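Colleague: Respectively, the protein sequence lines represent chains A and B.
For the first sequence, the numbering used here begins at 8 and goes up steadily by one.
For the second sequence, the numbering used here begins at 12 and goes up steadily by one.
If you are wondering where the hints come from, they were derived from the structure by calculation, not from laboratory data.
Owing to the predicted nature of the structure, the values given are computational and were not obtained by experimental measurement.
Mixed in with the good hints there might be a few duds.
As the list claims (entries may be wrong) - Where chain A lies over chain B, by a calculated footprint (3+ residues, C-beta under 8 Å):
hint, region
1, 22-34
2, 166-173
As the list claims (entries may be wrong) - Pairs of lysine-lysine residues, derived as PhoX-like cross-links and limited to a Cα-Cα distance of at most 25 Å, are as follows:
hint, chain 1, residue 1, chain 2, residue 2
3, A, 425, A, 324
4, A, 445, A, 460
5, A, 425, A, 660
6, B, 84, A, 660
7, A, 641, A, 509
8, A, 509, B, 173
9, B, 84, A, 493
10, B, 173, B, 91
11, A, 324, A, 420
12, A, 493, A, 425
13, A, 453, A, 420
14, B, 173, A, 536
Beta carbons are placed, not taken as given, at the ideal position from N, Cα and C, and that holds for glycine.
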Amino acid sequence: MDMTQARSLFIDEANSLLADMERFLLEIEAGDATSAQHIDAIFRAAHTIKGSAGLFGFDHIVAFTHNVESVLDKVRSGQLALDGDLINLMLQCQDHTASLIRQLEDESSGIDLVTGTALIKQLHLYLDPAPVVAAAPTAVLTDTEHWQLDVHYGEDVFRDGMDPLSQLHYLQSLGELQQVRLLPHWPAPAAFDPESCYLQLKFELASTASKQQIADVFEFVQDSSKVQISPPQQVKASLAALPTVDEKLGTLLVNAGAVTERELQSALSSQKEHDNNQALGQVLVDQGAVSSEMVAVALDKQKATEHKRPADFQFLKVEARKLDELINLVGELVTAGAGIDVLVQEIANEKLKESFSVLTGLLEQIRDGALGLRMVQVGESFSRLRRIVRDVSKELGKDIELTVEGADTELDKSMVEKLSDPLMHIVRNALDHGIESKELRLYKGKPAQGQLKLSACHEAGSVVIEIADDGAGLNIERIRAKAIEKNIISADQELAEEDIYKLIFAPGFSTAAAVTNLSGRGVGMDVVKRNIEELRGQIQISSVPDQGTVFRIRLPLTLAIIDGFLVSVAGTHLVLPLNMVQECIEFQMSQQDNERNYLDLRGEVLPFIRLRQLFELAGPPQNRENIVVVQYGKHRAGLVVDHLHGELQAVIKPLNTLFRSLRGIGGYTILGSGNVGLILDIPQLVQFATTLENQSFVH
Amino acid sequence: MDEQFNKDPLSHQHFLTFLLRDECFGISISSVKEIIEYDNVTPIPLMPDFVKGVLNLRGDVVPVIDLSIRFNKSATEISKRTCIVILEILFEEQIVTIGAVVDSVSEVIEINMDNIEPAPTFGARIRAQFILGVANVGEQFVILLRGERVLSLDEMAAIIEKVAD
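The task is simple: from the sequences and hints, build the whole structure.
Modeller: Listed below in C-alpha cells is the structure:
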C-alpha cells in the first residue's frame, strides 16, 4: 500500500467530513434543522476522523477528536442539549481539528497545543459533571458482544509503516479487549530480520461495533496480513431482526455486520475463479469469515423477503481532468458535426438528411449530458459564506441574519470555484462597511438585526447571483471625493450615479477610513471585478441610501459550448447566444435612412445597434437588413445585421491575448464551413455602444 | 567553405527568406511552423490595420498580422503568391502560434553566423530592435528578423489597446 497516497486520501476525507460537520452545526444553530439526523452526521464525522487518524498513528488527532466524540455522543443520546454555547465550542473544535489536519500536510507549522488543551478542558466540563452520565458506559458494557479476532500479521507490516500496537490502541476505543494472546512465529535465528513482523494476535473484543467498523481498523494491513473476525452470537439476532428487503445473501450478511464488504468480494471472486457451483454461503464458511449457522439464518431470511429494491443515490468520484478531456472531445465532435452538416445541406439527399438529423439530436444530448457533469449547485459556495457571516458578525458585534435563496441553482464547477473569492470579498465588505452597528441602526429606526441575502437564479440563459444587504448604502459623495483624491477621476468630471458606484471597482480604491482586518486588506474590489470578467460575467451595483446595497453578478451558464444563432454583417460571421435571442424582424427601408437608432416594436421603444457602424465594417448597407431582438435581464436591444443563418452549436474558444482589449466579442468558434465566427458578448456589446454614444456627446 | 559549415553546426543557421514590398527578409526556421496560402482570413472588427484577422488552422484560431504595416509601410496587396507564414513565438513561457502575411516566400538558406553583420542603426526604415542582422547572400542583402520582437504579443496588444481607447 502506498502510504503517501493513503495519507492524502485520509486528509481529503477528513477535510470533507469537517466541511460537513461545519455545515450541519451552522444549520442547527440557525434553527434550520434540529433533527437527530444532523447530530448523528456530526457525530459520525468526528468518529470517522478519529478512527482513520488512529490507523495512521496520528495520536494527537485521536486524543483530541476522542473528547469531541465523547461530548457528541452525549448529545446524540440526549444527555446533553446542543445549545448555542456548545455549538460555538464544537465549531472551535472543528477549526482546531482542521488545523491539525492542515499541519499534516504542511509539517513546517507546529501543532497548536495551547488551543487544543483549552478546548479539551472546555469539553471536559460537559463530560464530567453528572455522575449519572459516568455510570452509563458500564451499563452499555453488559450488552456488548464478544468478537473473536485472529490477526496473522504479514512480514511487511512494519515496512508498510503500520503499527499493530496503534491498531490495538484504537480497538480499545471501540470496546474492551479481552484474552489477548500473542502467538509469534519466530523464524530460524539466521533468517530473522528485525524489520519484519512475526506476530499473530488472537483476542476477544467486547464491542457493539459492526464487523465493518472492526475490519476498518485493519484496512491498511489487509493486503499483507490475514485477518479473521468471527461475529458473536448476537449478530445472528440482529440478522433475524433486519427489515425485510430484497437483498442478495452476501449483502444481507454485510448489513447484519457478520461479513465485511471485503470478505464478500474475495468470496465472490474466488467463486468465479474456481468456476464451481459452490454456494456463496459455503465459500464464506470455508474462508472462515462466518459460521455455517449464520449462513443458515441468512438464507431463511432471504427466502422470506419479497422483491423490492431500495432506491438510493450513488455517487462516483471522477477526476476533473477526465471530465475536461471528455468535454474537449465533445467540443471537437460538435465542430466536426457542423462540418458534416454543411456537406449534407449541399448534397441534399433526403435519406442522408434524415439520418444525420438523428445523429445531430443525439449529439446535442451528449453535449448537454457532458456539460451537465460539470454542473454543481451554487449552494456549496454559499455554505462557506455562512461561516464567514457568522464569524465576522460576532467579531464586529453586529447581529446579522443571513438568508439564502436558490442554493440549488446549478453552475459550472470551475466557475463556482473561481466565484468563491469574489463572493467572500463582497460579503465581507457588506458586513463590515454596509451594515451599520446596532446602535446606529436603532437610531435610524431600523431593526437591530441586519439582513444579508444571498440568492441565485437562472435568468435568460445566465445565472444571476445577488448579494443584498439592508445597510447604509453607498455614499455617492464620499466615493466621488475619494476617487478625486486618488486621481481616478478629475474634479470637474460629471458622472451618473451608476458610474460613480462603478468607481469602487477602480484599482487602488478603498473608502474605508481605517483598514480593518476584515476587508480592505489590499485585495480590492478591482480584483473582484476582474475575477468576474474572467468568467465572462458582469457585476452591477444598485444602492439606496439607508436602505441597502445590492451587488448583482451575472454569469454565463457554461464556459465551453453554447447554443448560438448565426448572423453575418459584411461577410463577418457573428454568433449570438441563442437564449438571449427573442425574435428576428425585417429592418424596414423607411427606418434605414433615418438617423435615429430606435424603432417602435409593437408599441414599445426598441433601441438598436447598427453592427456595421459599431464594428466599422466595410461596405454600404444591404438593401434588406434584419434586426435580431435580444434580451438579457431587463434590457432589450435590437442588432442590425445583413443575413440570418440560423441556429448552431458553438464551441467557445477564448480570445487570443492580442485581442484582450476587444469589447463586445467574447470568443471565437469554428463554423461548419471552416470559417471563424465571432461570439458576441451582448451585455458588453450594449455597454460598449452606450459608452461610444455618450462619448460622441462630449466631443 | 561548405566543409567548414558541416564541421561546426553552431556556426551556421537556416533562415526562411521571403519578399515584402520587394525587399528580402529572413527569419530563423526554428520558429516557422508551416507556410500556407492566404485564404479564409476572418477580419476582427475594430482592430488596427496590421491585424488582418484570424484564421482557422485545423481547429486552432490563429491571429494573422500584416508584417508590412507592422514595419510602417503600406499594406500588403493580396495576390496569388501572397502567403501566411505560421510562426511559433515564445510568450510568457508559452508557445503562441501566430500568422504573418508576406508577399511571397522564396527559399530556405544557410547563413554562416560570422557573415551576419549587425543591423544598420538607420536606413533600413525598420525599428532596429526588430533586426537580428543583415546578411549578404549572393548579390542581395537579406534582413534577418527577430521573430519574438517583431511579433511581440505584449507590444501588439498594447498598441491595440491604445487604438481601442
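Colleague: Take the hints in turn and mark each one as holding or not.
Modeller: Hints, verified against the model:
{"no.": "1", "hint": "22-34", "in the structure": "violated (count 0)"}
{"no.": "2", "hint": "166-173", "in the structure": "holds (count 4)"}
{"no.": "3", "hint": "A:425 - A:324", "in the structure": "holds (21 Å)"}
{"no.": "4", "hint": "A:445 - A:460", "in the structure": "holds (18 Å)"}
{"no.": "5", "hint": "A:425 - A:660", "in the structure": "holds (19 Å)"}
{"no.": "6", "hint": "B:84 - A:660", "in the structure": "violated (32 Å)"}
{"no.": "7", "hint": "A:641 - A:509", "in the structure": "holds (19 Å)"}
{"no.": "8", "hint": "A:509 - B:173", "in the structure": "holds (22 Å)"}
{"no.": "9", "hint": "B:84 - A:493", "in the structure": "violated (42 Å)"}
{"no.": "10", "hint": "B:173 - B:91", "in the structure": "violated (34 Å)"}
{"no.": "11", "hint": "A:324 - A:420", "in the structure": "holds (14 Å)"}
{"no.": "12", "hint": "A:493 - A:425", "in the structure": "violated (29 Å)"}
{"no.": "13", "hint": "A:453 - A:420", "in the structure": "violated (39 Å)"}
{"no.": "14", "hint": "B:173 - A:536", "in the structure": "holds (22 Å)"}
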